[in-house]
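Taking the hints into account, I'd like the entire structure generated from these sequences.
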Amino acid sequence: MKLLIRILYAGILAIPLLLPPVVLAAPVVVLKIDGPIAPASADFIQRGLERAVNENALLAVLQLDTPGGLDTSMRQIIRGILASPVPVATFVAPSGARAASAGTYILYASHIAAMAPGTNLGAATPIEIGSLPGSEPEPKAKPKSGENREQNSEKEDKLPVKDEMARKIVHDAAAYIRGLAQMRGRNVEWAERAVREAVSLSAAEALNLKVIDYVATDVADLLKQLNGRQVNVLGQERTLDTSSTTVEVVEPDWRTRLLAIITNPSVAYVLMLIGIYGLFFEFANPGFVLPGVAGAICLLIAMYAFQLLPVSYAGLALILLGIGFMVAEVFLPSFGALGIGGIIAFVVGSLMLIDSDAPDFGIPWQIVGGVAFASALFLISVIGMALKSRRKPVVSGQEHLVGAVGEMLEDTSGDGMARIRGELWAVHSTQPLTRGQKVRVTGIDGLVLHVIAAEK
Numbered sequence: 002m003k004l005l006i007r008i009l010y011a012g013i014l015a016i017p018l019l020l021p022p023v024v025l026a027a028p029v030v031v032l033k034i035d036g037p038i039a040p041a042s043a044d045f046i047q048r049g050l051e052r053a054v055n056e057n058a059l060l061a062v063l064q065l066d067t068p069g070g071l072d073t074s075m076r077q078i079i080r081g082i083l084a085s086p087v088p089v090a091t092f093v094a095p096s097g098a099r100a101a102s103a104g105t106y107i108l109y110a111s112h113i114a115a116m117a118p119g120t121n122l123g124a125a126t127p128i129e130i131g132s133l134p135g136s137e138p139e140p141k142a143k144p145k146s147g148e149n150r151e152q153n154s155e156k157e158d159k160l161p162v163k164d165e166m167a168r169k170i171v172h173d174a175a176a177y178i179r180g181l182a183q184m185r186g187r188n189v190e191w192a193e194r195a196v197r198e199a200v201s202l203s204a205a206e207a208l209n210l211k212v213i214d215y216v217a218t219d220v221a222d223l224l225k226q227l228n229g230r231q232v233n234v235l236g237q238e239r240t241l242d243t244s245s246t247t248v249e250v251v252e253p254d255w256r257t258r259l260l261a262i263i264t265n266p267s268v269a270y271v272l273m274l275i276g277i278y279g280l281f282f283e284f285a286n287p288g289f290v291l292p293g294v295a296g297a298i299c300l301l302i303a304m305y306a307f308q309l310l311p312v313s314y315a316g317l318a319l320i321l322l323g324i325g326f327m328v329a330e331v332f333l334p335s336f337g338a339l340g341i342g343g344i345i346a347f348v349v350g351s352l353m354l355i356d357s358d359a360p361d362f363g364i365p366w367q368i369v370g371g372v373a374f375a376s377a378l379f380l381i382s383v384i385g386m387a388l389k390s391r392r393k394p395v396v397s398g399q400e401h402l403v404g405a406v407g408e409m410l411e412d413t414s415g416d417g418m419a420r421i422r423g424e425l426w427a428v429h430s431t432q433p434l435t436r437g438q439k440v441r442v443t444g445i446d447g448l449v450l451h452v453i454a455a456e457k
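Okay, so the sequence shown: first residue is 2 according to my numbering, each after it adds one.
Mixed in with the good hints there might be a few duds.
[Stated by the list, open to error] Keeping only pairs whose Cα atoms sit at most 20 Å apart, straight-line, the calculated DMTMM-like set for lysine to aspartate or glutamate is: (1) K439 / E424; (2) K169 / D356; (3) K33 / D66; (4) K439 / E411; (5) K211 / E190.
[To be verified] Label-pair distances were calculated between CB atoms; the ranges are: (6) E56 / I298: 30 to 38 Å; (7) Y278 / S96: 44 to 52 Å; (8) H429 / A318: 57 to 65 Å; (9) E51 / G288: 44 to 52 Å; (10) P365 / H172: 29 to 37 Å; (11) E51 / S203: 28 to 36 Å; (12) A297 / D242: 54 to 62 Å; (13) A329 / K439: 44 to 52 Å; (14) V403 / G288: 31 to 39 Å; (15) K439 / A297: 54 to 62 Å; (16) V234 / H172: 28 to 36 Å.
FYI, nobody ran anything at the bench for these hints, they're computed from the structure. These figures come from a predicted structure and were not determined experimentally. By construction, the Cβ of each residue, glycine as well, lies at the ideal position given by its N, Cα and C atoms.
Now the structure itself:
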């Protein structure tokens, strides 16, 4: 009986071994990017792609809505996409979103490009070398069919390029997106036009011109269309099976949100000013501690942010020079010369600080004007106090003793000692004076006061 029970027990334990193994479907990792392409978003995408690799994800989807951003951050994202062992699909969504400027490059670099209805892409011209506001590009003749595309690209530069360096930047950007288009088998001609002519497309137009691969209403619709799609990942062909996959949406975490805050040019600018003024206040008034500690922390955070941002060192130098002039005005009053020069240098440097015209990456003039106005009020108060001090009589030093009344401490007909304003002074008089007699100071000769008898 015991033997039978043991056999039954062993059989029950062996049942799971006879069943086919349960294979969990590889997940699809969705990374949402809503806003400018910046150091924070580049870090978020890089860590998101690493997470997709660690989870053996079937696909990584970048749900994108951006007006553009920094070139350095864009290239960092593209390098991550090109090196990813997990296929990447960039999906411009939801409806009303856009993939402008840097977003267009990212879309072209992805293994799969898709857009939601009502979205757009394009306008990939490097903004800082674009035409001035109000200027119109010169008309261009339509290229003849059959002409070499590379030759046409040299003739089709519609930007009013003013110098050779700007022309090189345009050609570099065009070559970059052209290489991405050739790698992914997408419309090369339109990619160059997006850079040289800043043209844009709607989702339907992009699909017709083979700029993108799919138009989908949402991620679920996109995955349904991708089922069975073959993609080339690092030289290997893969077939996507999205029929039973799970979707894992990754939202920006606290690190990404914090990095987005401190790398905001306006925040970094204010942190720098708080740091500089905090340290100055601590050095001018040792012992307060809090201004020095807060100033040092803010200044270090600002330096970290500026390391990630395209900072103009000429603008930074002008800001420091302006602050130096304003501080010098406090200690060496020049009746406005140093102060006014400092404010001018400060404002110009603040406007030049961020060397980029990318959307949302400038310092608003309202912030610059507010800080400059506060500095001007401070300088006006300092100059006003300096002018008042010039009109006031001397209230300290030996000059203040002239006219002071004291009391003789001994009888004398020449030199003696007197108490004047609580201090003992050697005095000289040309008339006899008695102990306890009131005297008035008439002059000073070194450390000897000349006195006469004071009138009662």
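To see whether the hints hold, each was checked on the structure:
1. K439 / E424: Between K439 and E424 the Cα gap is close to 15 Å, so the pair holds against 20 Å.
2. K169 / D356: Within the cut-off at roughly 18 Å; holds.
3. K33 / D66: Judged against 20 Å, a Cα distance of about 8 Å means the pair holds.
4. K439 / E411: holds, 11 Å
5. K211 / E190: holds, 11 Å
6. E56 / I298: 30 to 38 Å: holds, 37 Å
7. Y278 / S96: 44 to 52 Å: Holds, at about 47 Å.
8. H429 / A318: 57 to 65 Å: Cβ of H429 to Cβ of A318: about 59 Å, so the range 57 to 65 Å holds.
9. E51 / G288: 44 to 52 Å: holds, 48 Å
10. P365 / H172: 29 to 37 Å: Given range 29 to 37 Å: holds, Cβ gap about 33 Å.
11. E51 / S203: 28 to 36 Å: Given about 34 Å between the Cβ atoms, the range holds.
12. A297 / D242: 54 to 62 Å: holds, 55 Å
13. A329 / K439: 44 to 52 Å: holds, 47 Å
14. V403 / G288: 31 to 39 Å: holds, 37 Å
15. K439 / A297: 54 to 62 Å: Since the Cβ atoms of K439 and A297 sit about 58 Å apart, the hinted range of 54 to 62 Å holds.
16. V234 / H172: 28 to 36 Å: Once the Cβ atoms are compared, 30 Å apart, the range 28 to 36 Å for H172 and V234 holds.
Violated hints are absent here; each numbered hint is respected by the structure.
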